[in-house]
Amino acid sequence: MTDIALVVDDSAVNRQLLGRHLAGIGIGVREAGDGRAALALLRELDGQVGVVLLDVVMPEMDGYETLEAIKADEELRHVPVIMISGVDELDSVVRCIRLGATDYLPKPFNPTILAARVRASMADKRVHDMELEHAAEQARLLETIERQKEELSRFLSPQVAALVSTPEGEALLAGHRREATALFADLRGFTTFSDQAEPEEVLNLLREYHAAMGALIVEHGGTLEHFAGDGMMVFFNDPVPQPDHVERAVRMAVAMRETFAVLSAKWARLGYELGLGIGIATGYATLGRIGFEGRYDYGMVGTAVIVASRLSSAAEADQILLNPRAHAAVEQLVAVEEVGALTLKGFARPMPTVNVTALNLAAATA
Amino acid sequence: MTDETPILDRSVVDELRDSVGGDEDFIADLVSTFVSEGRSHFAAMQAAADASDAAAIVRPAHTLKSSSAALGAMRLSAIAREIETAGRDGTTTGLDVRVTEARQVWEDTLKEMAGVGLIK
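So the sequences go chain by chain: R and B.
In terms of the working numbering, the first sequence is residues 1 to 366.
In terms of the working numbering, the second sequence is residues 367 to 486.
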């Protein structure tokens with residue numbers, strides 16, 4: 001790419017001689033008789049010139065001016081410049097090195113010295129070009145990573161997306177145990193509705209429902225594990241610790257119920273009878289990356305998850321059922337009604353359960 | 367001093383031939399460039415000397431100094447350097463004489479070059 005040497009000398013004899021020597025070592029040559037022509041050629045050859053051999057005394061624009069112009073040009077400044085100079089011109093060589101010339105070549109030309117200096121300068125230029133390319137590549141890579149993260153955060157909970165590519169995140173992904181609160185919500189009457197409605201209607205309704213609930217999940221800092229049709233699972237206190245995780249879950253459930261009331265009133269006018277049932281359970285669980293190579297999710301595994309799922313199934317429309325541990329944590333915050341001991345599938349003993357009727361206003365504003 | 371300097375330094379000519387692998391066509395080409403370029407340098411130097419323009423004589427003298435040295439024309443190179451230096455110093459007296467001297471050396475140089483087969 002940068003295998004061309006630009007020879008700038010007003011002496012045609014010198015240009016011819018240098019051109020011959022350079023061609024002899026496999027370097028392409030372009031020639032200019034003065035500095036102005038040299039600058040024009042450099043710009044025209046745009047990046048292909050690997051080294052400039054520059055005479056000092058020239059008409060139009062001499063070596064000093066040319067060198068200064070090259071070094072002042074953002075596009076050209078990295079092209080190495082070797083001064084061509086007679087032995088009686090060493091003062092001017094020093095001046096040129098100060099101006100940014102990389103080396104000098106004494107006249108008369110010694111082909112061996114010429115080859116060595118030109119090759120060294122061209123190698124420097126190539127290293128420089130590679131560094132530039134490398135930096136550009138790095139920038140592109142970073143941009144891609146940022147874009148992927150952004151893309152990822154549209155599919156994952158923002159908290160989980162943030163874990164990706166941080167060392168702390170790696171540790172959390174590997175799996176850990178902590179207390180957490182799981183919330184399940186799904187629709188009553190959805191199966192009947194989806195049997196009767198057109199597929200487009202089903203999808204539109206789900207989109208509306210997901211959009212409304214999704215906004216509340218983000219607002220309350222919940223980690224969405226999944227949306228599946230009409231069902232969703234959200235958990236709290238992980239990966240970001242939330243000391244008030246039970247309260248967050250309950251507040252979100254109440255907000256969901258309120259939001260859902262507006263949606264369901266609209267759907268009712270279209271003839272769809274749909275209700276929202278929510279189950280919340282607090283307990284110790286294992287959290288982290290769950291799945292298999294090719295498809296991993298950030299998930300929560302434990303009894304609390306199963307309890308929340310069962311409670312959500314058992315909930316009637318508009319009910320928010322809590323397990324005893326969740327209830328105990330938010331007793332001051334909520335007004336509840338006893339539902340009694342529910343027999344949940346897979347659990348030997350019936351579980352005392354309450355339904356959240358409202359947030360306790362005094363506590364809620366406290 | 368100029369007279370002690372060889373008109374044509376044979377060792378430079380030999381090195382030059384070696385460095386291009388004995389490519390006589392290239393050498394002939396190079397010498398013909400030297401001759402035509404030299405003529406225009408002399409014209410420029412003469413014009414500068416006639417006009418007593420010391421500054422204008424510097425560049426052609428400088429270039430002649432350099433290209434003649436490349437071909438081993440050392441006496442011509444030396445006298446061209448003297449003219450260049452005089453020009454840089456702003457000396458106008460005797461410029462004309464020096465250019466005439468240089469022209470004599472130029473003729474001698476071409477004869478010697480023909481003598482060693484550089485000019486056919």
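It is worth saying that the hints were derived from the structure and are not from the lab.
Possibly wrong hints are sitting among the right ones.
Using C-beta positions, here's what the derived DEER-type ranges look like [as the list claims (entries may be wrong)]:
id : chain 1 : residue 1 : chain 2 : residue 2 : range
1  : R       : Arg98     : B       : Asp462    : 23 to 29 Å
2  : B       : Asp462    : R       : Met130    : 55 to 61 Å
3  : R       : Gly26     : B       : Gly481    : 32 to 38 Å
Cβ-to-Cβ under 7 Å is the rule here; a few derived chain B residues that face chain R [unchecked claim]:
id : residue
4  : Val386
5  : Ser398
6  : Phe400
7  : Glu403
8  : Gln412
9  : Arg425
10 : Ala436
These figures come from a predicted structure and were not determined experimentally.
Using N, Cα and C, we set each Cβ at its ideal position, and we do this for glycine too.
Outcome of the hint check:
1. Hint check: Arg98(R) to Asp462(B), Cβ distance near 38 Å, so the stated range 23 to 29 Å is violated.
2. Look at Asp462(B) against Met130(R): about 57 Å separates their beta carbons, and that is inside 55 to 61 Å.
3. The given range of 32 to 38 Å is respected by Gly26(R) and Gly481(B), whose C-beta atoms sit roughly 35 Å from each other.
4. A distance limit of 7 Å between C-beta atoms decides the matter here; for Val386(B) the minimum to chain R is near 6 Å, and the interface restraint holds.
5. Among the interface hints, the one on Ser398(B) is violated; its C-beta lies about 10 Å from the nearest C-beta in chain R, farther than the 7 Å criterion.
6. Here the hint on Phe400(B) is kept, as its CB sits about 5 Å from the closest CB of chain R, short of 7 Å.
7. Annotation: interface hint on Glu403(B) holds; nearest CB of chain R at approximately 5 Å, less than 7 Å.
8. The restraint placing Gln412(B) at the interface with chain R is violated, with a minimum CB-CB distance near 17 Å, outside the 7 Å limit.
9. Using the Cβ-Cβ criterion of 7 Å, the hint placing Arg425(B) at the interface with chain R is satisfied: the shortest such distance is roughly 6 Å.
10. Using the Cβ-Cβ criterion of 7 Å, the hint placing Ala436(B) at the interface with chain R is satisfied: the shortest such distance is roughly 5 Å.
Checked against the numbered hints above, the structure violates hints 1, 5, 8; every other hint is satisfied.
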